[in-house]
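Novice: As a plain string of letters, each chain reads:
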Amino acid sequence: MGYLKGKVWTFGDNINSESILASGMEGQMDLALAHVLEFYDPEFPKLAKPGDFIVGGRNFGASSGRPAGEVIREKGIKAIICESAGRVFFRNTWNMALPVLVCPGVRSKFEKGDEIEVDIDAGLVRVVKTGEVLKCEEVPWILKDIYKAGGMVGWIRSRRKEYKTLDQSEPPTKVLKDG
Amino acid sequence: MGRTMALKILARGAKKKEVVPGEIVIVDVDAVFMHSPDYKFKHFEQIGGVKSVFDGEKVVICPDHHHFLPASQKDANTVKYIVEQGERYGVKYIYGPGTGIGHYLMVEQGHVWPGAIAVGSDSHTTAYGCIGCLSSPMNFEITEVMLSGKAWFKAPPTILVKIEGTTKRGVSARDVAQYVLGELGADGALWSAVEYGGSYIHSLSVWQRMIFSLLTIEAGGTFGLVEPDETTLEFMKGRAKKAFEPVYNDPNPEYSKVVEIDVSDLEPQVAVPPQPSFTKLLAEVVGKPIQQAYIGGCTGGGIEDMRMAAEVLKGRKVNPGVRLIVVPGTRDMYGQAMREGLVDVFNQAGALVTPAYCGPCQQLCVGNLADGDTEIGTHPRNLPGRAGKATSIYLASPYTVAASAVEGKITDPRAFLP
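So the protein sequences, as listed, match chains V and C.
Just so it is clear: in the first sequence, position 121 is 138 by my numbering, and no numbers are missing.
Just so it is clear: in the second sequence, position 136 is 169 by my numbering, and no numbers are missing.
No lab work stands behind these hints: they were computed from the structure.
The C-beta atom is built at its ideal place from N, Cα and C for all residues, glycine as well.
Please note: incorrect hints may appear among the correct ones.
What the hints assert, rightly or not - What follows is a set of in silico ranges between Cβ atoms, one per label pair, in the way DEER data are often shown: (1) C:E56 x V:G68: 50 to 58 Å; (2) V:K129 x C:K321: 49 to 57 Å; (3) V:K63 x C:P353: 39 to 47 Å; (4) C:S105 x V:G68: 36 to 44 Å; (5) V:G130 x C:K347: 57 to 65 Å.
Work the whole structure out from these sequences, hints included.
Specialist: Structure follows, in structure tokens:
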């Protein structure tokens, strides 16, 4: 896929999933999109554009397991690059086909509005203003596999014959983008 | 160096001789807990052709967050859908309204045991480590686990938190757990297991140990374990749904870090907004006015938590400016509280006692805060977004919460105790 280029939204440490997607907004995507991440940056839900990236600090997506990554993906964010990520958020979000790349040292390289280039497959981040290239940590192979299948639902469908509980005779009716 | 119990349980679950930290392992799970599986069932529809979950005996549903009774027709429809779909896919254990908080029920009703591997859709599923069960949250991916009965983990290093000493009067397990969380920090245990050991931990009941295991997620941890001991095995008698073989550490296990704590002089602690790991001395926030107090949640709904609250509330009245809500952890705990006269103490003090469920921890049913309100509670989490944006939530022990409810402001409980 090579490098994708976009603008950066920066966030601090311990951005938690509950303050990304508040209680009572789960399952209401329009409402969630209108408020996503506003607790940390009120401009984000108003001004973030499809193709933008997030650069976060330590423990991005901390704490709860609620599906906050889905809202960020629906906002059109192409990837989250951070110093470290909350474990459940990290797993959830790859399963939703939104990459979360852990890239030690990345946060201090960017300011809000800077340009970034990201090669998701290779795990490389280029700081456009300086030309510096940073290497991200290796992503568990299962998550890469799921991402390539377009997310968890597509991945399960692609390997459905392995499940005894699935009806083997029924062909997939349509290819789903993601879960 | 010996192997930690976390690595040994993972190796057993993966049918491997050994696993090392950092390795990706796929294990068979013994239990799957789900609190709001509505969208997981929608995944089943998207996948198509799903006949049943992998093993109906191993899947447990408890819609504890939203619904001791549905607060709206939307919630009522959600509960109806969850129950219908659970039955459709062969889930055997679906806990109804008022049965309790899923995490307590999983342990109380024997769905997990020492050495078992469990995953849950709720992020506090590190809880069952209190009996030496390897348990961890997995939210979105639960759909996959429900179908395959398998889950993958990155085998973690283990941090040992060794706690010695005896606490002073009025300092409870929550104070100690809150102190430990503050020491670890919000990402101090990221991608790690935490084992709680030492004479203090092993002096506690299973339910008080659960506070430590459960709060491990607030430090980012994958598992929060207590090695099984006599207390564990006594507790498990006649409880587990399956015969089991506990797993213990090897002699001299290899820890990535050891944190040693002596609680002999520990003072009451509190978590201040906006993060559970923001631990302070209670003394630093004493005097802050409150509008709501909550005794319950998966770190404060146990029978001992209610006993502590009742000790403070007996013969006293809740401040008229405060709503005190008491929510037992399970129906059995509720029954025990009634038999011991605790419910009468709460009622006479002017507290509201509701059936067992998650309570106002995540304000989806009753006990919502108004903008500008301050609450103190025994529940696990105080993040913005749980109860609106313009509220402040403090987390503390049942003693402290009860004393604060009486005074109408955050209060050191020790003057209230004999």
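Novice: Kindly indicate which numbered hints from before are broken by the structure, ordering the numbers from low to high.
Specialist: 1, 2
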